[in-house]
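Novice: At position 38 of the sequence shown the residue is numbered 43 (the numbering used here), and the sequence of numbers has no breaks.
Calculated directly from the structure, the hints in this document are not laboratory data. Small disclaimer: the values here were computed from a predicted structure and weren't measured. Beta carbons are placed, not taken as given, at the ideal position from N, Cα and C, and that holds for glycine. Any given hint could be a false lead.
Claimed, not checked - Calculated lysine to any residue pairs in the SDA-like style (CA-CA distance at most 25 Å, straight line):
hint: 1; residue 1: K40; residue 2: L22
hint: 2; residue 1: K46; residue 2: L34
hint: 3; residue 1: K46; residue 2: A71
hint: 4; residue 1: K9; residue 2: K40
As the list claims (entries may be wrong) - Ranges between beta-carbon positions, derived for each pair:
hint: 5; residue 1: K9; residue 2: E44; range: 17 to 23 Å
hint: 6; residue 1: I12; residue 2: L51; range: 16 to 22 Å
hint: 7; residue 1: M38; residue 2: K9; range: 32 to 38 Å
hint: 8; residue 1: K40; residue 2: L91; range: 32 to 38 Å
hint: 9; residue 1: R63; residue 2: M38; range: 25 to 31 Å
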Amino acid sequence: MIRKTSIDELPQLFNVLSGDMSIVGPRPLVPFMLKPFPEFKEVRGLVRPGITGLWQIRDREHNTSAEFMIEHDTEYIQDYSSFLILKFFSKLLW
């Protein structure tokens, strides 16, 4: 129940309040997941990590591979805008 409702993400709000994370952005990946993708590590560093991102909204339950996450995180970074963030919130609320 905790994972399904994402209650376990609440402590990350402290990171948002301190400015270390944003609400929307690429999820931080553990170092071993980034090892095979050094070029993504550089691109990923261009934006602040977030509590939620494209891959969580699109299909978190079935696609948790690093390749799937990276594909959607790269799309987010390339298309980053205030409009994109508003789209995130509309999908989360509805």
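Novice: Each of the hints needs a verdict: does it hold here or not?
Specialist: Here is how each hint holds up against the structure:
1. K40 - L22: 29 Å, violated
2. K46 - L34: 10 Å, holds
3. K46 - A71: Given that 25 Å is the threshold and the Cα spacing comes to 12 Å, the pair holds.
4. K9 - K40: Not satisfied, since the Cα-Cα distance of roughly 28 Å exceeds 25 Å.
5. K9 - E44: 17 to 23 Å: For K9 and E44 the Cβ distance comes to about 34 Å; the hint is violated.
6. I12 - L51: 16 to 22 Å: With Cβ atoms ~30 Å apart, the hint is violated.
7. M38 - K9: 32 to 38 Å: 23 Å, violated
8. K40 - L91: 32 to 38 Å: Distance hint for K40, L91 holds at roughly 34 Å.
9. R63 - M38: 25 to 31 Å: This hint is violated: roughly 18 Å between Cβ atoms.
Taken one by one, the earlier hints fail for this structure at numbers 1, 4, 5, 6, 7, 9, listed in ascending order.
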